[in-house]
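Colleague: Here are the chains, one letter per residue:
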Amino acid sequence: MKNRTKLPNIYLGVILALLYVPILLVVFYSFNESKISSVWGGFSLKWYEALFRDKALFKALGNSLILGSASCLCAAVIGTLGAYGMTKARLRTKGAVEYISTLPIMIPEIILGMVFMAFFSLIGIPFGMGTLVLAHTAFCIPYIFMLVKARLVGMDPSLAEAALDLGASPQRVFFDITLPLVAPAILSGMLLAFAMSIDDVIISVFVTGVDTNTLPVKIYTQLKTGVTPEINALCTLLFGAVLVLCGLAVWLGRTPKNKQAAGENPQPAKNNRR
Amino acid sequence: MKKKRKARGGALAVLPLYIFTLAFVAGPLVYMLALSFMTRAETWGVVPAFTLRNYQDIFQPVYLATFWESLKLAAVSTVLVIAIGYPFGYFMAKLTAKWKKRTMMLLMIPFWTSSLLRLYGWIIIFRAGGVLDSILSSLHITEEPLKLLYTYPAVVVGMVYALVPFMIFSVYSSAEKLDFSLVEAARDLGATPFQAFRTVSLKLTLPGLLSGVILTFVPSMGLFFIADILGGNKVVLVGNLIQEQLMKAHNWPFAAALSVALLLITTLLLFLYRRLSGVKELEGLV
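Residue numbers (our numbering), protein chains in the order written: chain A, 1 to 274; chain B, 1001 to 1286.
No wet-lab data here; the hints were simulated from the structure.
Warning: the hint list may mix true and false statements.
[Stated by the list, open to error] DSS-like mimics (lysine-lysine), calculated; alpha carbons at most 27 Å apart, straight line:
| hint | chain 1 | residue 1 | chain 2 | residue 2 |
| --- | --- | --- | --- | --- |
| 1 | B | K1147 | A | K224 |
| 2 | B | K1072 | B | K1234 |
| 3 | A | K224 | A | K46 |
| 4 | B | K1248 | B | K1101 |
| 5 | A | K6 | B | K1094 |
| 6 | A | K6 | B | K1248 |
| 7 | A | K6 | B | K1101 |
| 8 | B | K1100 | A | K6 |
| 9 | B | K1072 | A | K224 |
| 10 | B | K1147 | A | K35 |
| 11 | A | K6 | B | K1177 |
| 12 | B | K1098 | B | K1147 |
| 13 | A | K224 | B | K1094 |
| 14 | A | K224 | A | K94 |
| 15 | B | K1100 | B | K1203 |
| 16 | A | K224 | B | K1177 |
| 17 | B | K1100 | B | K1177 |
| 18 | B | K1234 | B | K1147 |
| 19 | A | K55 | A | K224 |
| 20 | A | K59 | A | K46 |
| 21 | A | K6 | B | K1234 |
| 22 | B | K1094 | B | K1177 |
| 23 | B | K1072 | B | K1094 |
[Said to hold, decoys possible] FRET-style restraints, in silico, Cβ to Cβ:
| hint | chain 1 | residue 1 | chain 2 | residue 2 | range |
| --- | --- | --- | --- | --- | --- |
| 24 | A | G13 | B | A1034 | 46 to 54 Å |
| 25 | B | F1180 | A | G62 | 45 to 53 Å |
| 26 | A | L187 | B | I1135 | 29 to 37 Å |
| 27 | B | D1179 | A | N9 | 39 to 47 Å |
[Stated by the list, open to error] Just so you have them, the derived chain A footprint on chain B, three or more residues with Cβ under 8 Å:
| hint | stretch |
| --- | --- |
| 28 | 1025-1032 |
| 29 | 1061-1068 |
| 30 | 1087-1096 |
| 31 | 1112-1119 |
C-beta: ideal position from N, C-alpha, C; glycine also.
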């Protein structure tokens, strides 16, 4: 009996370990003195030094951060308002527009990249940060839209109605009642969208300009040509950032226990009404 | 009166979404369709003259072979992803709440880590004289370096590694809703473990499994950078072909026709998914 419960857990452990092997290897070799990754030449931080002197990489990192934040914010505004409007308005075209707006995460990325490249050159927008933000906003919207809409559907409509009955203007109801209640959904949508944006290679390759490299595009071109251990160092730092962010997310989600429950399911909101 | 005002406010709120969607999603897609029927200009750009040549070109043996190779690679990767990801998602759903959360966290960290970083790890492993070669030769399993980098298996491993989390998430979200007492009931009524699994667990987790298949099969045809980095020039997918036609050959109408063909395959798969599972939304997508 005991063996039966143990075997699945061993399986889970092995697969999880395998998921981490490539990442940990990159981290390990970033401290390698030797330039050839198969030879261990002793501990060294020289690749980190080289990394910090590489201005182009930092510029690419900056571009990626700007791009991620800008498209995330645009998508948050458009997606949240859109999801709110969709639950309120009675338009015949609702279903169709909703379907089209989620297409960017349904169709293969390569098609999206191709389509944007052709379209932007048709209407004559110069390739660069502008085109990047437009393209990334397009695939960030669905994440936020879908999460916010799910939250709005699960929300108690009588809260907004009560505020309206008590004389609040629809704008006031939106900002004072609806927005705070859907805020967790907006935030988690934005986080997801930001992660997708900052990791995107395929779409960025197509819509980026000659001199606006994003970090993934830069790493991609470097991996295709010659690899320097500098990339190891960079990847290690990126991995460190992910670890810190994940830790932060856990910490934020844990401390106020009841707050987290309110953020995650709509039931407590219903109980408050009584 | 109030209802009307509310509806008007709603219409105002959807306006940005409507405009953006029509201008930057529907517009480009329609243009792609139009482009696929246009003629390529002699030197650069396109001429708006109707032609079916781009679609005829797809049926040239070279390009058909690429589609076939892509579908085959996608199928192989998907089968492996199911074999690894399905048990994982299923077992994970049986864990206690505390361990579910921990396992989820451990899954999320590599998932959030840059996909290029993870690919790079595989380069280190597969490179001639790399980690895998040193391990195998120190164990005296192989004498010669395997030279796995820039081969077909390397691309498959890269694909499976990149896509397995999607399968895990969708199977898990399905299996989480599964009432395991149903499985026990089947066992009590005399079913063998396999029978109980097939008739109860598999049936009830089918939507998750199928959406996992969609989420792995569809992207695997377009992930050209994995084929590029781990496969060198040896593995050419539809994605690589489209990229090449756009960036190098500058034959945009043909690239558009290829994209339309790929989109048709994708749509067909989504349609089949809906028919098979009876579910509209993909499970575990967000």
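Colleague: Given the hinted pair B/K1147 and A/K35, is their Cα-Cα distance within 27 Å?
Modeller: holds, 19 Å
Colleague: Taking only the CA atoms, is the gap from A/K6 to B/K1234 under or equal to 27 Å?
Modeller: violated, 42 Å
Colleague: Against the 27 Å threshold, does the CA-CA distance of A/K59 and A/K46 hold or violate the hint?
Modeller: Distance ~20 Å between A/K59 and A/K46 Cα, so the pair holds.
Colleague: With a C-beta cutoff of 8 Å, work out whether three or more residues of the stretch 1112-1119 of chain B approach chain A closely enough for the coverage to hold.
Modeller: holds (count 8)
Colleague: Hinted pair, alpha-carbon criterion (27 Å max): A/K6, B/K1101. Please report holds or violated.
Modeller: This hinted pair holds, its Cα atoms lying about 19 Å apart.
Colleague: Are 3 or more residues of the stretch 1061-1068 of chain B near chain A, judged by a Cβ distance of less than 8 Å?
Modeller: Not satisfied, violated; 0 residues make the cut.
Colleague: Three residues minimum, CB to CB under 8 Å: does the stretch 1087-1096 of chain B make the cut for coverage by chain A? Let me know.
Modeller: It holds: at least three residues are needed, and the stretch 1087-1096 of chain B offers 6 whose Cβ sits within less than 8 Å of chain A.
Colleague: Hinted pair, alpha-carbon criterion (27 Å max): B/K1072, B/K1234. Please report holds or violated.
Modeller: holds, 15 Å
Colleague: Given the hint of 39 to 47 Å, check if B/D1179 and A/N9 actually sit that far apart at their C-beta atoms.
Modeller: violated, 21 Å
Colleague: Regarding A/L187 and B/I1135, is the given constraint of 29 to 37 Å on their beta-carbon distance met?
Modeller: violated, 44 Å
Colleague: Taking the Cβ atom of B/F1180 and the Cβ atom of A/G62, is their distance within the range 45 to 53 Å?
Modeller: Holds, at about 50 Å.
Colleague: Next pair to validate is B/K1094 with B/K1177; report whether the Cα-Cα distance is within 27 Å.
Modeller: holds, 11 Å
Violated hints, in rising order: 4, 6, 12, 13, 14, 16, 21, 23, 26, 27 and 29; the structure is consistent with all others.
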